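Novice: Keeping their order, the protein sequence lines are chains W and R. According to our numbering, the first sequence is numbered sequentially starting from 591. According to our numbering, the second sequence is numbered sequentially starting from 129.
Keep in mind that a hint or two might mislead.
Stated by the list, open to error - As a list, the in silico SDA-like pairs of lysine to any residue whose alpha-carbon atoms are at most 20 angstroms apart:
(1) W:K652 / R:G508
(2) W:K652 / R:H569
(3) R:K216 / R:N179
(4) R:K354 / R:T446
(5) R:K188 / W:E623
(6) R:K160 / W:V971
(7) R:K160 / W:L795
(8) R:K388 / W:L669
(9) R:K188 / W:V769
(10) R:K188 / W:F796
(11) R:K348 / W:L851
(12) R:K160 / W:T983
(13) R:K145 / W:L851
(14) R:K188 / W:K652
(15) R:K188 / W:V979
(16) R:K160 / W:I764
(17) R:K532 / W:V979
(18) W:K652 / R:P575
(19) R:K547 / W:L669
(20) R:K145 / W:V971
(21) R:K160 / W:Y849
(22) W:K652 / R:A317
(23) W:K652 / R:K354
(24) R:K188 / W:L619
Calculated directly from the structure, the hints in this document are not laboratory data. Since this is a predicted model, take the numbers as computed values, not measurements.
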Amino acid sequence: MNRKIVFFTVSRLILLEALLMILPLVVSLLYLEYSMALSFIISVGIAALCGGMGWWFLRPVKGEETRLYPREGFLIVALAWISTSVIGAVPFYISGEIPSFLDAFFETVSGFTTTGATILTRIEEMCHGALLWRSFTHWIGGMGVLVLMMALSPAGEEQGRTIHIMRAEMPGPIVGKLVPKVRETARLLYLLYIGLTILEVLFLLFGGMSLFEAVVHAFATAGTGGFGIRADSFASYSPYLQWTVSVFMLLFGVNFNIYYLLILRRFRDAFRNAELRCYFAIAVVATGILTVNLIPVFQSFGEAVRVSFFEVSSIMTTTGFGVVDINSLPGLSKAVLLLLMMIGACAGSTGGGLKVARVMLLFKTARRDLRRLLHPRSVGVVQMDGNRVEDYTLRNLSTFSALYALILLATFFILSFDAFDFETNFSAAVSCFNNIGPAYGAAASDYSAFSAVSKLALSFAMLFGRLEVFPLLLACSPSSWTKK
Amino acid sequence: MNIIIAGCGKVGGTILKRLVGEGHNVTALDQKADVVSSITDIHDVMGIVGNAADCETLEKAGVASTDLFVAVTESDDTNMLSCFLAKKMGAGHTIARIRTPEYNDDSLSFMRQQLELSMSVNPERLAAEELYNILMMPAAVKVDHFSRRTFEMVEIQLKEESVLDGMTLSEMRNQYKANVLICVVSRGAETFIPDGSFALKSGDRIGVCATHAELQKYLKSLRLMKKQSRSVMILGGSRIAYYLTKMLTASGADVKIIEKDREHCEALCEMLPEAVIINGEGSHQEVLLEEGLDSMDAFVSLTGVDEQNILISMFASTRGVPKVITKISRTEMESMAGKLGLDTIVVPRKIVSDVVVRYARARQNSLGSHIETLYNVMGGQAEALEFRVGPDFPGSGIPLRELKPKPGILVAGIVHNRKPIIPSGDSFISEGDMVVVIARHRKSGEPTLQDLSDILG
């Protein structure tokens, strides 16, 4: 293991974070929030100092080994996410907006992992700078910090092996490139991302939101995060805004490769994509069930459809905005939403969960293996979009699913030490691990009631969920850190 | 440039590595998923799995917007077909590897025209040409030609107790009065572009640029001159052996090929009536000695197994064969073989990648003073390039002393009105000249030399 290059890359990332914190700093200055601005200045200073020192002392000397292997890729991703979350929590803590550092860490992890679970009970009292930084972490974490670093990396740099970092950070069972170069791919992804975000800001402005509100909500939607600025999330916004946000949440849950295909005018390839079709089919069916289930509650078909579509698209893309009190929903609707939490969005999107592609592959593999039980000599090949899925990918998938279940259950078990009911504990574990945000029972609006141990466990569950288990698990294993 | 490489085997992989190093957008296409994934793991390229001659696969690889399509799959037919399709689907230029001897005769130009191929490459023939050049000048470990053989650049390994040991270049020039230019020296892992005060050491590998006649004179005065190889033993009856034997027998040399497969021997007999074909296991030393290894002028080991080539070459060296050439197919074995004392090593796929890289660079810069020839010299540590000077070259008419090229770059030869000039500080470049430039290997990220004006600081 090449520790030096791992820490060097992480230092560069912390420098980048210092740069990113300048945006909320400017916003605090614009709103004349000087104490918040001061804490951002201090945080930028700390990040620049840590990152700068690491970068200066660890920069590769000529002739030194700088090659990245999968092992380094995983460790870089794990360390990078933990350290950016710690540094990102500093401004909340210094300014006193969130008095406990653990709470600030929870909030930042929840931001970067695009979960949107909050420990804040009175959001309306937060200052603008802090609110913007909260949502901005969603936006950065959605597409990935390391992907951003790659997009900004200088042209001549050796990029051959950075694909290992990209694979470890981007969600989904198979990570492909859009164009031959990693750097260009990262740039394209961010361009698409920025474009869609701006589009949403425009739509929200049209619906009467102020620029600040529009930007904050667009960031939270784009990263499929879910931090809002009102205690009731989206319930008090107009139906137009609710519809707009529902549609954009659904759009950000789509694999970004599809948008690239659309730009290339390869419409047939884009619309024939099996995962995309399945994703929309699930959304339609779930909305249907919820609508039928909710008509008696709302007494109006139009409102039932709007609420159902909003909730389905919010939960399925793992955003976590809400328009109703989720606890007041009937049992069937709650069950459907819990299932959607686990399925999640498309691979290669900003959403979390198991990912539709994985669920499809799991079903296909299960069908093949069941048939093999009946016909022991039968030969079966799992296909996706007409391409054969490699056995390596399938083996990886079954390991992933087993670890996924184990971590989910472990989190649930740790939460059970707190004095909440079964529903709260289980749904909170599912919700944080899949990066959604709101859960049932006591966790429906915020997580402030949980104990410190539970908050820490949930923070790591969020990181495990966002990075898809492997990087963090490998970072926990001492054998990854040995030199050889 | 956007480049697609179809077929990522030995040759494809080497070409891909060079082109990625030059900063191109490369897409790798291969039928085997594991080959593609092992390439995308290491290199910054996009990987596509599929048949290179299938339109759908080509479309997926983005053939319509590609500038250069290189087909180097196993099969000539696939290469030709996929190049043809790629061209029809909008690829800018196409290069196919065509190596079957039947295709490489008179029908080649017709096929190239009909298939609209920009170029066809035959790695085995290119390798055979390189081997032939070395056998014609056995003192050198590598020979490259510029401007239709007006200039030659030879690489010489200075042996222990060489007369040049400790001598500076200006002393050497005064003592030997030869009109040659030592343009590049590699010592261990380092490469130098030497000036007059540079002192040579034994063990150095030097690159010497001059006309053929001057070089002969120079080598003779150094007592390095060896006579051309008149009798050559070749181990392994591969395609390279076939082409090499044809060239050697045409020049009047005696060739003995040792091949272990009986049927293949018979086929070789038919194709090469002037050579002696021996059916025997060449890895047995007895067989080699029996066939007169000791009295040979040169021994060329061309079997398909690198390790075997290395070991038998070492054996031939110990038996005192004046010139031993080792063919190696895995690039990483080259430096190891060098450490074992074998000096003349030929790596066929490096030669092909030189040709493709030259083509890509020339296409990128089709105006101005573009590249005519490109060789990777000194074991890949330097490049030798030849440019045709265009009308807008800013350094025309300025003496080289004032031209001040970038560090690590040297003007090694000028052909003015077909007359070769070994440049001094007073020489100058004018329009229409051919200029030979030696450039030390650049670090990753530095721009490549594409135009003659790139050499200026």
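Novice: For each hint, tell me whether it holds in the structure or not.
Specialist: Evaluated hints:
1. Using a Cα cut-off of 20 angstroms, the hinted pair K652 of chain W and G508 of chain R holds, with the two alpha carbons roughly 19 angstroms apart.
2. Restraint check for K652 of chain W and H569 of chain R: satisfied, since their Cα atoms lie roughly 15 angstroms apart, inside the 20 angstroms limit.
3. Distance check on the hinted pair: K216 of chain R and N179 of chain R sit about 17 angstroms apart at the alpha-carbon level, within 20 angstroms; holds.
4. This hinted pair checks out: K354 of chain R and T446 of chain R have alpha carbons roughly 18 angstroms apart, not beyond 20 angstroms.
5. The straight-line distance between the Cα atoms of K188 of chain R and E623 of chain W is roughly 53 angstroms, outside the 20 angstroms bound, and the hint therefore fails.
6. A C-alpha spacing of about 16 angstroms is found between K160 of chain R and V971 of chain W, which places the hinted pair at or below 20 angstroms, so the restraint holds.
7. Straight-line distance between C-alpha atoms of K160 of chain R and L795 of chain W comes to about 51 angstroms, which puts the hinted pair past the 20 angstroms bound.
8. About 58 angstroms separates the Cα atoms of K388 of chain R and L669 of chain W, which puts this hinted pair outside 20 angstroms; it is violated.
9. As the CA atoms of K188 of chain R and V769 of chain W are separated by approximately 11 angstroms, the hinted pair is consistent with the 20 angstroms bound.
10. For a cut-off of 20 angstroms, the pair hint linking K188 of chain R to F796 of chain W is broken: about 39 angstroms separates their Cα positions.
11. Note on K348 of chain R and L851 of chain W: the hinted pairing is violated, with a Cα-Cα distance of about 66 angstroms set against a maximum of 20 angstroms.
12. For a cut-off of 20 angstroms, the pair hint linking K160 of chain R to T983 of chain W stands: about 16 angstroms separates their Cα positions.
13. Distance restraint check for K145 of chain R and L851 of chain W: the Cα-Cα separation of roughly 28 angstroms exceeds the 20 angstroms cut-off, and the hinted pair is therefore not satisfied.
14. This hinted pair does not check out: K188 of chain R and K652 of chain W have alpha carbons roughly 39 angstroms apart, beyond 20 angstroms.
15. Our distance criterion of 20 angstroms between C-alpha atoms is met by K188 of chain R and V979 of chain W, whose separation comes to about 17 angstroms.
16. Of the pairs offered as hints, the one joining K160 of chain R and I764 of chain W holds, with about 17 angstroms between alpha carbons and a cut-off of 20 angstroms not exceeded.
17. With a C-alpha separation of about 57 angstroms, the suggested pair K532 of chain R and V979 of chain W falls outside the 20 angstroms cut-off, and the hint is violated.
18. Our distance criterion of 20 angstroms between C-alpha atoms is met by K652 of chain W and P575 of chain R, whose separation comes to about 18 angstroms.
19. Simply put, K547 of chain R and L669 of chain W have alpha-carbon atoms about 64 angstroms apart, too far for the 20 angstroms limit, and the pair is violated.
20. With a CA separation close to 33 angstroms, the supplied pair K145 of chain R and V971 of chain W exceeds the 20 angstroms bound.
21. In summary, the hint linking K160 of chain R to Y849 of chain W is not supported, as the alpha carbons are separated by about 28 angstroms, beyond the 20 angstroms threshold.
22. With a CA separation close to 14 angstroms, the supplied pair K652 of chain W and A317 of chain R stays within the 20 angstroms bound.
23. Between K652 of chain W and K354 of chain R, the direct Cα distance comes to roughly 41 angstroms. Violation of the 20 angstroms bound is thereby established for this hinted pair.
24. Distance hint between K188 of chain R and L619 of chain W is unfulfilled; the C-alpha atoms sit about 49 angstroms from each other, more than 20 angstroms.
The structure fails to meet hints 5, 7, 8, 10, 11, 13, 14, 17, 19, 20, 21, 23, 24 from the earlier list, while all remaining hints are met.
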